[in-house]
Each structure stands twice: as structure tokens, then as C-alpha cells.
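There are 2 protein chains.
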Amino acid sequence: MEIQKIIKENQLGLLFQQGSFGLEKESQRVHADGSVVTTAHPKVFGNRSYHPYIQTDFAESQLELITPPNNKIEDTFRWLSAIHEVVQRSLPEDEYVFPFSMPAGLPPEDKIKVAQLDDPEDVAYREYLVKVYGKNKQMVSGIHYNFQLAPALVDSLFKLQTQYENPVDFQNDLYLKMAKNFLRYQWILVYLLAATPTVEANYFQHGTPLAQGQYVRSLRSSQYGYVNDPEIKVSFDSVQQYVETLEYWVATGKLIAEKEFYSNVRLRGAKKARDLLKNGIRYLEFRLFDLNPFEIYGMSLSDAKFIHYFALLMIWMDEIADQEDVELGKQRLARVAFEHPLAQTEFRIEGEQVLTVMLSMLDDIDAPQEITDIVLQKLAQFDDPSLTIGGRLLVALSAHGGYQQFGAQLAQQYKASACERFYALSAFDNMELSTQALLFDLIQRGLNVEILDENDQFLAVKFKDHLEYVKNGNMTAKDSYISPLIMENKVVTKKVLQKAGFNVPQSVEFTSLEEAVANYPLFEKRAVVIKPKSTNYGLGITIFQQGVQDRADFAKAVEIAFREDKEIMVEDYLVGTEYRFFVLGEQTLAVLLRVPANVIGDGVHSVAELVALKNDHPLRGDGSRTPLKKIALGDIEQLQLKEQGLSVDSVPAQGQLVQLRANSNISTGGDSIDMTDEMHESYKALAVGITKAMGAAVCGVDLIIPDLKAPAQASLSSWGVIEANFNPMMMMHIFPYAGKSRRLTQNVIDMLFPELSLA
Amino acid sequence: MEIQKIIKENQLGLLFQQGSFGLEKESQRVHADGSVVTTAHPKVFGNRSYHPYIQTDFAESQLELITPPNNKIEDTFRWLSAIHEVVQRSLPEDEYVFPFSMPAGLPPEDKIKVAQLDDPEDVAYREYLVKVYGKNKQMVSGIHYNFQLAPALVDSLFKLQTQYENPVDFQNDLYLKMAKNFLRYQWILVYLLAATPTVEANYFQHGTPLAQGQYVRSLRSSQYGYVNDPEIKVSFDSVQQYVETLEYWVATGKLIAEKEFYSNVRLRGAKKARDLLKNGIRYLEFRLFDLNPFEIYGMSLSDAKFIHYFALLMIWMDEIADQEDVELGKQRLARVAFEHPLAQTEFRIEGEQVLTVMLSMLDDIDAPQEITDIVLQKLAQFDDPSLTIGGRLLVALSAHGGYQQFGAQLAQQYKASACERFYALSAFDNMELSTQALLFDLIQRGLNVEILDENDQFLAVKFKDHLEYVKNGNMTAKDSYISPLIMENKVVTKKVLQKAGFNVPQSVEFTSLEEAVANYPLFEKRAVVIKPKSTNYGLGITIFQQGVQDRADFAKAVEIAFREDKEIMVEDYLVGTEYRFFVLGEQTLAVLLRVPANVIGDGVHSVAELVALKNDHPLRGDGSRTPLKKIALGDIEQLQLKEQGLSVDSVPAQGQLVQLRANSNISTGGDSIDMTDEMHESYKALAVGITKAMGAAVCGVDLIIPDLKAPAQASLSSWGVIEANFNPMMMMHIFPYAGKSRRLTQNVIDMLFPELSLA
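Listed in order, the protein sequences are those of chains A and B.
full-length UniProt numbering applies: residue 1 is where the first sequence begins, and numbers increase by one.
full-length UniProt numbering applies: residue 1 is where the second sequence begins, and numbers increase by one.
Calculated directly from the structure, the hints in this document are not laboratory data.
All figures in this text were calculated on a predicted structure; none of them were measured in a lab.
It cannot be assumed that every hint is accurate.
You can't tell identical chains apart in this list, so a pair holds if it fits in one copy or across any two.
As the list claims (entries may be wrong) - Here are the computed lysine to any residue pairs in the SDA-like style, where the Cα-Cα straight-line distance is at most 20 Å:
(1) 415 - 509
(2) 495 - 542
(3) 495 - 465
(4) 254 - 162
(5) 494 - 208
(6) 478 - 692
(7) 478 - 467
(8) 630 - 416
(9) 642 - 457
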């Protein structure tokens, strides 16, 4: 198996560096003081029988966050970040995520609840573990790292080698080589990355093995961690032998199931080991990583990259560890795990040698300089153990008052950080906020999401065999093709709505004064606005709010409009306030009032100061990265002030409303105010009817209503529809400036997957 | 009822001129010689129990074309034109539409079949008519003109008058005034517009009343036409009296039903006369117009306008005809109808007086000059009867060999003219050809169509209570919103299709030569094209049709591509021919091959001459008004010729293919060739599968296939999908250059209205 030679001779270096990456991160839910909670797994995370991202491991308190596999480790971290933010923001206010692998403040064993899963077998398995290992040992957390080589690489290597005739055999031996060499040299990763130097005494069933003041590199990787009886040895010499020895231990009852085999490397690709014979090994799972408490997600991206290239090194090297080497590796692991974090390791020379080979591999495969730099840093840590995570942790623990206290402090800090921009998903902040909100909810509820195109906000969402696509947050297959086309065309919209019997303001255009005046009877007693067709600065506009009562007045208004343009419009004038109704299916889910940018005086601050204060609101920002926008103080705002006899330096009286804009757009600093509960039901029903007339499943209906408390009447003086919008905005309803938040993205999910409420 | 005064004082002139217009045109289907056919009403016109546009009147041979009502008489004529073209093009090749009201070449009475309608009552009514009037009299055709005043006018007039308290009473009396005055002065319209000077002798049951060589103005409006027994008098004094007298005649059995009352004016607005008491008269139907044989649609637009203003005059004038006046009017009508067409009418003075009043009304209501001109022309016809339609007809009859012969000649001429641009609807030629084709089919099959927006190709189609919208010929509610969004995004399309297991050419982009070469194993043995990302004039492109066999060749190609751009692509190369599959639902309805613009030599003509000959094809034109485009001989074509060593003056050998374009677009003169029957079924099934993966109901799938006769295999060498298009073009399939036409618009209708096949 001359992997190195084949790669070098065939310039497969870049392909060699490709792969697929997945992470599984466990951690305990804890109280503010860092002690483990005894509450149930939060219901908001949906059903663990299918949740792809948020699971529980052994205990009900033990979260397990699972990323989907990605071809770039960076993307895997983006997913981990997103899942992490979903979890942090969904936890009860007084619960946190513990940043250490070893638990602190463990409750009495009888208070630790094993994970309450639907499958009785899963629960029975956990009960068995309790008997054999006790509960505390099961409370240890870590990160599992899944890695698959690029299938194209394996294909190419197979074609270029001469030893194997069967591609599955070849692939199996390639992964077995990686697994065995990894087990041989795993101690290096523990030396560099371990972070479980201590644990509280009550963790141990039979008293702590640690002397007073003794710290080690990794309790978790030691015999006191989550490991099998040393008697249990499983062969990695071939898949056949692996299957047979594993099955042997299960048959003898030393293991209750194959999954009780807690190897630091697992062969993946089949539910049952025996199926590996047919399917072949598809990827490896590395399980020895302690949570890195200095990292919000429990592992740094550069360490993840280091692990990737370390795994590559395991097949790059010419040697293949045999069963004896594997046992040697395990012994070295145990010894290194029990070394003092600030002591040099006894295997320093081997460690430095392996990393030196790694550097030359990086050179041969033309790896990015970034990786070489990472390896050089790691290499230096053999000389100076205080640079290792464990070394740094030891220093930090004494500086921050001990294990539990430091953990609690970090837990609170990480939660605050994850909640800071609570309306966004940091890792997907290049996408629209509404798509981020949807993504948040999909992750929370446990639907499989694939981002088909980030720039285009295109998601594929799957639940079991049911596949749906979503673009821009609410464009889905539930809407028909024709409805947005109707809504896009204002003429057609008006015709359709009018035919369906809704109150639509009509407009008539005229090209001559005589013609317009002759049509006076059409408008008599109707509230109309008369305006030049192309309005400039509101010139030439006359509004008859109470209805035109007099032909002469009408003629005068027409004449004024014609001074500005060769064509004029007479349009129904709707008296009232504009509200946006967000309709989904049979229901108006939200009603919003948009108020033009404004501040309210306090008799103390100037307009400029009031604006600055208002702009401090956490929802306000610049650009599209916040739900609300900061109020600018540009020309338009200053003109608006001037019309009110004010300037930016004026100090408005207590309670005085100062308008800074005439338009009510959120994008120019307007306020969004939820009015759903205030609005009379009759208007909500009308909005649903309008949505149906448009043939739409999701629609943003703009109604003008003079009195939102009075029931709707059949005349334009009671209400009128001015627009129906497809793909209506959701963020302004989800994060309004005032009033109740309406989490519309959840409704979109319910619409797409009605079966979820039954699942 | 001081209508004139109110209109003048309140400047309602323009509103007075508004209204709604509908036409119903009867005519006989005839043989080439003008004789009435005895064939059944063509099945292609669908079911007469609901057809809104194409019906039969009395006889199976007697077509009745019905326009929807329109607010502009011009639009009513567009509809009449469209329905007329549909009828003409749908008739059997040897059948025509007779342009005269009086039939010619009548078959023996026992061969005349009454209209075969579904409702037995309708058939029974016709059988009764046969008994009372004989069949021949029922074979007379005419045009009925429906006119409604603008409801806003009636509202305004009601509000401004003081006599009536109830708006329905007022509206009824307004229409009754129009009806009575019309009956009083109807003879004027007969004088000006009549066109039934004679008929063949066997038309009359008891011998012709016409002396040898006697011609009259209107046999149809005379006692020998389609009129009731003179004894039957119905009062127009009030709606109440109208209802009572009409019901009296039915009760006495003198009329078998209310509809047997053949008044030249009918009060409309209710199915049964009695309901008029409740509903009020909504519009009037004027029934006295002979077909004008000089007009392809049986009436000229200017005559239609004249009739409109004539009807207005009937309410403008202060006098209101009483029952005696109505009888006087009927008598005058009978006398005028029997005058010689070239003789001055005995009532000339009254006619001129009425039209003079009309001119002053036009002035008062500020009517367009066009109308005044029309009335002046009509006025002149009192002095010179040879200018009337009847006068002109008499001259033409003798010039063209008589009534039947001239009719046959016009019938053929009009049919030829209606079929000339058989792929378009003349009156809607501003719309896309595909929408015109759909409109054609909708009219033919009898669905209610409303054009919501002509520029936007937006139709509303209704069958009973089932409403559908169609944009651009095939964008409908049957497609989901998300499918065009998927198809619009090529990246997402590829991902979706690849996941669904279809052969999709993959492309990989590289920014460095080393990276590209390192990835060689990804492409080894695959047919690929290597090209700069932004291709200019095809520079830097290398194609490995047989698969890359050698790393050095690959590296060389990459290097060539990098000479042209900083980024290159390696893309799967698909060997084969591109075909467009038009899929609708579960079926590939059409497969098309598009061939670049070309001519084939004949050893005689030059390239320029061959192009000119090919461009003569009836389907070829410029712009978007023809299904195929003329081949240009511009720079690109001349360059293409040069590459073949030819110029426009070269004379290619017999059978020599001369390419004039590299691209196969129809828009640059390409040929469209239907290959539906030639294509192996397996590819059609694939196209359906691809359409389903897109979630689409209608899709244009572009496949590359090397051998259309060989069954599809699972590899890119057998076939590959390169594009899936929403709103796929239909015209190229409906009117291909070669091969069978596929009338896809019919399939669109079947998709939208599956119940139609059951109706």
C-alpha cells in the first residue's frame, strides 16, 4: 500500500486533502453556578427520535450537537456555530452549556435522569450502563470528529495501486491503516488538546485516584474516563477480524452491544459491524477529544484542521501499526493522560518526530501555508507544555477560582455571546435575516436542511421522505406559480380583487381638462385624490377627504393637477392608517403598523441626542444585518424637521412627537408595531379572503383602515386594499420595535410539514 | 324626463357616450357555390350547451357568433374578428360562411336540420317554429346589437332628475324611451344599412312576392322576413304593460314562448319578462341589422358607431314615442323595406331631420369629429341612395353574376383572408403568438376568456365556476411557485437533478494551473471540455470528446485555457445532439430539433437566392409576428459562409448543406423540426422524470443525446440534461418548419380544465 508514492507520483496532493467532516459535541446543561441541571431535555428541541442536530447522549441533561457532514471543515464549524446558537438561545433563562468535558456540581446519582428516549431499547441500554459504570462516568462529554476521504481519491488510489483487486477491500484497508496508526499515535492529540485535568471528588464511585492538588492531562482519556474494561481487545487487522472479535465480546456478554465498544476510533459505514463486510468502511469516527473550554464551540477551527492533517498523516506514513503497536499506543495514551499538564511528556521525541514527518507531508502534498503554521505551533508545544490547552487551562483554573467556578463563568459568557445578536445566526449572516430565522427554527425543530445556494437564500428541507424547497424564507411549493405573477401586476391584481368583491381604490386617467370635468359625476361625493400622473414633490395634488361635493372645486383641482403634467389621475382616496397583514393559509398571523422614523421629546435632550438614544436599540443597525434600521439625520430628515420648525439641535418638549420622515418604511428608520391583537377580526378575515382571491398561500396584504376597532363595512370609507405582496417580509413581525413578536418562520414550517405536529 | 337638459347642464356629455357593446352575428355555413350545407355543426366547436362564443341559431347550419360585452365598441369588433377567424379556420376545407342575410341554394326543407341541441326544450321550440313559419324563413341571418348605457350615467341622471323616486323605475323608463323612439325611427337604419334586396324563389312557401327583376331594401325586415304575425302587439309603455301584453300572447298560444316575440328591440336583463319588474331593464338588444356583405365581419366599425349614437339620440330627443308612434314606425319600416334600393325613400325628409338633430346632439355632447363625419356621410345617402349598402349591393350583384354567385365569391375571399396568417389572431396580434394560439383554442372550445392585461399576456379563463389564470401561454396555478425559482437558478437546478439521479454534466472551476492539474484524477477517462471561465470567440477551449487519457494532455489544455483567463472550468463534455422536450404533467408532448439557419444547394441558385426562396416560407417573418424568422445575410452569416469557403454569390451544388449560423436559435433563422415520433420513449420518460424532480407541471427539458433511437443508459455518454426551462416556448412545436404540428395549447387547456373532457 504505497499511498505516499502513488500520491506523489500522480500529483494527487490536492485531492488527498479533500474530504468530508462532521462533528458531534456533547455537553452538560448546567445552572448558573455550573452545577448539572436535573430538568428535562427542553421540549422546544422537538422529538429526539428523529432530530438530526440536537440530541441527548447518556443523560437527560447531556446535550449532543451534531453537524451534518460538509466537504469543508469551515462549513462544519458554521453548522456547529448555528446549532450552538440555537441551543443557547432556546435554553431556559437560567440554564447554560458547560464548557468542560468533566462535569461539576453533579447531583446525587438518583437525581441524574438517563435520557428519556422514545425507543425502549435506547433507555434499557442506558440503564445497563448505569449498572456497569455508574451514572457519573456517563456524564463526561467530548467532541467526536468524523472524517471521510474524498471518494474520488479512494477511486484514484485504487486504480493506481496494484495490490488489491477489489475496491472495497482496498478502501477498508486504507481506513484500517488510518485507524490503527491513529490508535498508535493518539497520545499526541491528547498531549496537545486534552483539557480534563481534574474533576470533583464525588465523581468517583470509589474515591478519587488523584492526590490532593494533582492535575493530569486528560482524566477523560484515562482509565477513570469513559473507557471499556482493559480486557476487551478488538482487532483492527482486518474488517473480518474486527467484526469477529467485536461480536465475540458481545456474545460473551462482556459488552451488552457493539456500541458499548468505546474505542477512540470507530469504523463507520454500517449500523451493525457485520454489515461493514458488505458495505465497506465509509468513514472513521475519532472520539478522544476533550472539550476545549477556551473555545465557544469546544474546539478551535485550527485544531480541527490539525486533526484532519493528522488523520491524513496516518495513511501517508509507510508503516502500518499492528495489534501490538495499537496496544502500545493505548498504553502511551494512558500514561500521557495522567501526566501533569505543565510537565513535558515522556514521549516528547516521538511526538516531535511524528510532527516533523507531518511537515514534510504537507510539503509533498502542497498543503496551504496555514496548515504548516499550525503544525509548527503544535511542534513548539512539545518544548513548552504551558502552550498546550491543558497547560493554559491549569493556569486559568487557579486564576478564576477553580474548575466549577471558571466553567460557570465561561458558560455564562458564551451564552451571552451567543445571544447577543439574537435575531441572526452568526455563521450564516451573509444570508437574509428571514432565512436565518427560518434556519434557526428548522435546526431547533430538527428538520434536515441543506443550503442549496446561500446567495439565493435557497434551502432544501427534508423530514423523513418529504422534501420541500424554500427560497427567501417563504417562497415555497405551497404557493402556485400564478399568484406572484398576479401580484406582480398591479392592474391584474386590482381586476382580480375587484371581481372578487373587495374594496379596491379605483383610478381613472385623463389627458384633457374637459374630459376630466365631464366625468365629474363619476366622482361626486367620493373621497378622491386628484394628482398629476408623475408626481413631483407632491405638487399639484388635491385631496377631497370628505368626498367632492362641488363640480367647481373638482374642476379647480383638475386644473391645478394639469399645471404639473399632461396627464392626471383621479383616484379613490382612502382615509385611514395603513396596516400590513401577514396571511398564511387560512389565518392572518400578524398585523403590523409601520410608523415613519420619529423620536419623542423629553424636554431635556436635543433631536440629535434623542435619535442617538433611539439608535442604541439592539434591533437597530445599518445595512441589512439588523431587523430595524438606525435613523439617519440626512437631508431628508433635516427638511422634515424644518417643516416642523425644528432643527437637530432643538430640544422638543416632554412627549412631543418629532417626525423625521414622511414615509413609513422600516428601511429608513421607521418603527414596526405589532397590532395583531388590537385589530378587529373582520379585517383579518378580509386579508385571508384577499389572499385566497390571489390564489396565494402566503401573502402580505396592505389595508387602509380608519378605525381598527370597528368591524369592516362594505364601503371604501371603512377599508380598502392597496396592495397584495408575495414573499412578504417576516423580520418586522418577528422582531417588531414594539408589541408582541410573531414567529412566522414557525408557521412556514408548519405549513410545509403539517405531519410534524403529529410526529 | 329632461335628459338632454340634464346632460347639457351637468356636462355629462362624455359619460353619456360611454357604454357597453355586444354583437351576435348569425350566418349560414355554405358550400363553395354558396348553397347551404346539410352537415352537422362542426364537433371542433365543442358543446353548445355552454359555448359562449360559437352557437347555432335555428338550423344546424346556422352559426351564431357571440362577442362578450366590451366598454369599447372597438374591442367588441376585435372579439368578433377573433371568433370569426377561429370559425373560418375550423370549418371543413369545403365549407364557408355566407356573407348575406338571406340564404341561397337552400336544400329541400326536409334536408334542413334544426340545431341539434342538448336541451330537448330547445329542439322542441325549433320544431314548433318549423310548423308555424316553415324552415326557410328561419334560415335568415342578421346581426344583433346589444347596448348598455354606462351605469354611472344612469346613476348620475337619476340623481339629477326630480321626477322619479325609484332608480329602477327611472332606468326602465330611460331604456323604454330608447326602445320606443328606436322603433319609431328604425326605418332610418334599414334605409341606410339594409342588404337583403332579393332571395331565390324557393325561399317562399307560397311563391315569391317579388315581381320579376324587383329588388327591395330589406326582405328580412319586411313581412316576408323573420317577423311575427302583425296581430301581435306588445306594449312598450311601461315594463308592467310590456310584461302583461307579452304574457297575454303566450297565454293565448299565439306565441309559444316569450322568445318568439321577434321585436326589433328586445328589453334585456332577465330570463323571463316578468323578472324585469324586479331587476329592471339592463340593456337593449337591437335586432334589425342585415349582414353587410361588403364587410368581412358583417358590419363595419363605423356603422356600429353610428348605431351607438343613433341609440343615444333616441334618449336625447325630448319626445317619447307612444304606442301609436311605434306602430307608425313599424309601418314606415315595412314600406322602406320594400322600396327599391336605388330609389329615394318616401320618408327622406324625416330621415334628414332626425340626422340633423343627431348632428346637433353630437355637438352638444362634444362627440369626436369622427362620429360627425360618419353622420354627415349617412345624411348624404338620403340624397343619393346608391351610396347606401343596399344601393351598392345592387350594383355589385349585377356585376358579379347574381346573389348566390357573388355571395359564394365573397365567402371564399373572406375565408382565404381569415386563414392567411393562420398562426395568429389578427385582432390580438399585439400579444405573443403563443397567447394568440391559446386564445384561439379557448374560443374554439368555448371557455370564457377575459384578457386581464394584453401587454402582460395575462388571461382569466372560466368554465362554469372554475376560474384559472394563464400568463404567457402556459404559466398557471398548476405549477408551484418554487419550480421556476429552482429552474431559474442553474446551480440549484444541477444539485436537485443530480440528487434525483439524473445525468448532469458537472463543472469544476480552478484558479491555478497546479490546482487544476492536481485534480486530474477527477477527470481521467471522462469526456470534458476545458475552457476559460469567460469565453471569448471560443479561444482557449480544448475538448476531449473521447475522454482525457493522459495527464500531460490535460495539463496542456489547462495551460491553454489559463492563457485567456484567470479562472478556468473543466466541464463534462456531452457528445450528441440537443433536443428540446416539451413536458406537460406525465407526458412528453413534443420533441424538437433546432437546426442552425441553413440552405441546401440546388446547383442553380446562389446562396442569396436560396435564402430569399427559403424566407418566402409563410411561417417566416421579421420580428415576433411569425413562428419562424427570416434568415438574415448580415456579418455573422457572411463570416459563417466564409469559413465554408463560400460567399452570398456562390452557387452551392445540388444537395449541399450551407450553414449560415453556428447557433441553432429559431430567432436567428434556425429550422424547427419535430422529432416526437422519432425519439426513443426512454428519453421522453426521462424528461418527464426531470420535470417531476423540478416539481413542475410544464417544463422544457434540453437533453443532449447522441443516438435518439437507442434506449437511454445511466451514463453521460448516453444522454445528459443541460437545462430545464419554465414557461417553455410553444410556437416552435405548434408550427415547426418540418414535421408534425403539436397543438400544445390544447394540452394546456386540458391540464387546466380536466372536467372539459367530461363536459
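Is the C-alpha distance from residue 478 to residue 467 at most 20 Å within one copy, between copies, in both cases, or in neither?
Classified as both: same-chain Cα gap 12 Å, cross-chain 19 Å, threshold 20 Å.
Could you figure out if residue 495 and residue 465 sit no more than 20 Å apart (CA to CA) within one copy, between two copies, both or neither?
between (41 Å within a copy, 17 Å between copies)
Go through the copies and call it for residue 478 and residue 692: within, between, both or neither, with a Cα cutoff of 20 Å.
Result: close both inside a copy and across copies, 13 Å intra and 16 Å inter.
Same-copy or cross-copy closeness of residue 630 to residue 416 [CA-CA at most 20 Å]
neither (23 Å within a copy, 69 Å between copies)
Please sort residue 494 with residue 208 into within, between, both or neither, judging by C-alpha distance up to 20 Å.
Neither: 79 Å inside a chain and 58 Å across chains, both beyond 20 Å.
Reference check for the pair residue 254 and residue 162, CA-CA at most 20 Å: within, between, both, or neither?
This pair counts as neither: shortest intra-copy Cα distance 40 Å, inter-copy 107 Å.
Between residue 642 and residue 457, at a C-alpha cutoff of 20 Å, which is it: within one copy, between copies, both, or neither?
Neither way: residue 642 and residue 457 sit 42 Å apart in one copy and 48 Å across, limit 20 Å.
If the cutoff is 20 Å on CA atoms, where do residue 495 and residue 542 land: within, between, both or neither? Let me know, please.
neither (26 Å within a copy, 55 Å between copies)
With identical chains treated as interchangeable, where does the CA-CA distance between residue 415 and residue 509 reach 20 Å or less: within a copy, between copies, both, or neither?
neither (60 Å within a copy, 40 Å between copies)
Hints 1, 2, 4, 5, 8, 9 from the earlier list are contradicted by this structure; the remaining hints agree with it.
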